[in-house]
Amino acid sequence: MTTTSTTGADAPARPAVRPTRPDRRHRWARRAPLLPALVFAIVVTQLPFLFTLYLSTQSWNALRPGSREFIGLANYATVLTDGRLRAALLNTVVLTASSVIASVLLGLGLAILLDRRFPGRGIVRTLLITPFLVMPMAAALLWKHAIYNPSYGLINGILGGSTDWVSQYPMVSVVAALVWQWTPFMMLIILAGLQSQSLETLEAARVDGAGPWQTFTRITLPYLRPYLELGALLGSIYLVQTFDAVFTITQGGPGRATTNLPYEIYLTTFRKFEYGEAAAAGVVVVIGTIIVATFALRVISSLFRMEDAR
Amino acid sequence: MTRTASPARRSAGRTGAAWTVLAWLAGLLFFLPVAWMVLTGFKREVDAASNPPSWFFTPVLDGYRQVFDRDITPYLLNSVMASVLSTLLVLVLATPAAYALSIRPVERWRDVLFFFISTKMLPVVAALLPIYLLVQDLGMLDNVWTLIVLYTAMNLPLAVWMMRSFLLEVPAALIEAAAMDGADLLVTIRRILLPIVAPGLAATALICFIFSWNEFFFAVNLTATRAGTSPIFLVGFITSEGLFLARLCAAATIVSLPVVLAGWIAQKQLVRGLSMGAVK
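First to last, the sequence lines map onto chains A and B.
Residue 1 is where the first sequence starts when you use the numbering used here, and the numbers rise one by one after that.
Residue 1001 is where the second sequence starts when you use the numbering used here, and the numbers rise one by one after that.
Certain hints may be false.
[Stated by the list, open to error] Only some residues are given here: those of chain B computed to face chain A with a beta carbon under 8 Å:
1. 1074
2. 1076
3. 1099
4. 1123
5. 1125
6. 1160
7. 1256
8. 1259
9. 1265
10. 1266
[Claimed, not checked] Which chain A residues stay away from chain B? Per the calculated CB distances, all over 10 Å, these:
11. 57
12. 63
13. 69
14. 74
15. 225
16. 255
[What the hints assert, rightly or not] From the structure, some residues in chain B lie toward chain A, with a derived Cβ separation under 7 Å:
17. 1054
18. 1202
19. 1275
None of these hints come from the bench; they were simulated from the model.
The beta carbon of each residue, even a glycine, is placed where N, CA and C say it ideally should be.
Build out the structure end to end from the sequences listed, making use of the hints.
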């Protein structure tokens, strides 16, 4: 990311006189513990992007050795005019938005159910978080074969019928598996929010004659907003990069019905070996992400200030 | 998560019972696929593929035996190596960095903090090609150390944020007192900081372990038979034909078990870890 990358190299207001030696040494002593991590992060995460930028200007198909040449922005023209990337972009938005929204809503419901004392609450909580802990690859296979399979899957086994869920409702199938995995995550964050709510406020609302619904919509929901935002934001960061579920359950199909950007770029790189095009698509995705992330960082930043103020 | 009951949240009577039943049903419904996975792993292949599904059967270990016959062990060992070593490396890098962003902050620490989180938002898919080419050039394809380095970078921002939130909880007075007593930095770290942030270190390690253990994208594109981690063992099942469900479920149970157990044991740390220290 370029937007906020600063190494803190120079202070905003530099004194007119050159800093005396002990002062400078003092500052470097402060920076020293930070440097290994910072350098590591820059080398491993930032340099590859510069390389991507370079590759995106090359016409390079790995299947035709020696065909590599500089072609300027032609790859970008290909990528942006080709319908595939646009379709993949749309699929990514649909997949991410629907999984995030559904898991936040379900997570909210479950968190409310768990925000009271009842026999076995600890056990129910443990049962509920388990889907998030199952390896995503294993979960995707489980849904594909053990749950969606038309002849011996659990859904048809219980409901009857012989619907082929994955080929008839591909997007829903992928989203359902993702929602199952991510609802516990949302529930945990929202539950933590509910439990940090002051009981006095709720009690006061009750004394003032507010019904449970009014208390919920007027007091609890506004209070929960930062937690809902945080859950949605973190969920989006992970879900926009969904690969395992698409790779496993639908392989992007049928046709291109569930091909999202990560899977599309994977195909361009390792099935078509169009390195230049893949790099250009990568750059486009990064630019899109920077735009979205700028908003996301603002959300985190406001949470951050709230936490500081507390 | 344990909290004394308050009159406001203890609903009594029939509605209370209804909510309890609903909560239990929701919990069981979400757990059902996991339960089904574990059960199916103990079935014979013919029972596993039966329709209607069979709920009662004599448990057998055929599925597990087949999974080990097909040599899942090296995959598991690669996973252990990649996740444990990358987790250690993350802690070694992130803890001093978090110190320099909380207790004795560098100037512009806020920018640095946001730089770390912004690396987490970059789609890994855009870095795949350069990383692949570079790793290929270095002759490091299908090598566990490649994964270790990448997983370290992947978890570093998370760990920096989490460790920072734990270090902020160390009372400043305590550190000042140590400095007044003339304790040098190392002594302060060992005697005062470490005991207080030890649970935080454990929570951070847990989260990093979970994410590296489950990682698939880099593993599938950069490794093959020698350095393949446990999700790679599962890839073969994607297009399987015939009777394989019991075997698949046995394998899925084995590879999920470490993280499920770790998550169950450390439920309380999980929330804080997943929210990078923002939610306590």
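Outcome of the hint check:
For the restraint placing residue 1074 of chain B at the interface with chain A, the shortest Cβ-Cβ distance is roughly 17 Å, beyond the 8 Å limit, so the hint is violated. Given hint, residue 1076 of chain B at the interface with chain A, is violated; its Cβ is 12 Å from that chain's nearest Cβ, farther than 8 Å. Checking residue 1099 of chain B against chain A by beta carbon gives a least distance of about 5 Å; that is within 8 Å, so the hint holds. Against a cut-off of 8 Å between C-beta atoms, the interface hint on residue 1123 of chain B holds, since the closest Cβ of chain A lies about 5 Å away.
The closest approach between the C-beta of residue 1125 of chain B and any C-beta of chain A is roughly 4 Å, which is under the 8 Å cut-off, so the hint is satisfied. With a least beta-carbon distance of about 6 Å to chain A, the hint placing residue 1160 of chain B at the interface is held under the 8 Å criterion. Residue-level restraint check for residue 1256 of chain B holds (minimum Cβ-Cβ distance to chain A is 5 Å; threshold 8 Å). Here the hint on residue 1259 of chain B is kept, as its CB sits about 5 Å from the closest CB of chain A, short of 8 Å.
Hint status for residue 1265 of chain B relative to chain A: violated, with the closest Cβ pair at about 10 Å, above 8 Å. With its C-beta approaching chain A no nearer than about 10 Å, residue 1266 of chain B sits outside the 8 Å limit, and its interface hint is violated. Distance check for residue 57 of chain A against chain B: the nearest CB is about 13 Å away, which clears 10 Å, and the non-interface claim stands. Look at residue 63 of chain A: its CB is around 15 Å from the nearest CB on chain B, clear of 10 Å, so calling it non-interface holds up.
With 10 Å as the threshold on Cβ separation, the claim that residue 69 of chain A sits away from chain B holds: the shortest Cβ distance comes to roughly 17 Å. For residue 74 of chain A, the shortest C-beta to C-beta distance to chain B comes to about 17 Å, beyond the 10 Å cut-off, and the non-interface label holds. For residue 225 of chain A, the shortest C-beta to C-beta distance to chain B comes to about 13 Å, beyond the 10 Å cut-off, and the non-interface label holds. Look at residue 255 of chain A: its CB is around 18 Å from the nearest CB on chain B, clear of 10 Å, so calling it non-interface holds up.
Annotation: interface hint on residue 1054 of chain B violated; nearest CB of chain A at approximately 9 Å, more than 7 Å. A hinted interface residue such as residue 1202 of chain B counts as satisfied when its beta carbon comes closer than 7 Å to some beta carbon of chain A; here the least separation is about 17 Å, so the hint is violated. A least Cβ separation of about 6 Å between residue 1275 of chain B and chain A falls short of the 7 Å threshold, and the interface hint therefore holds.
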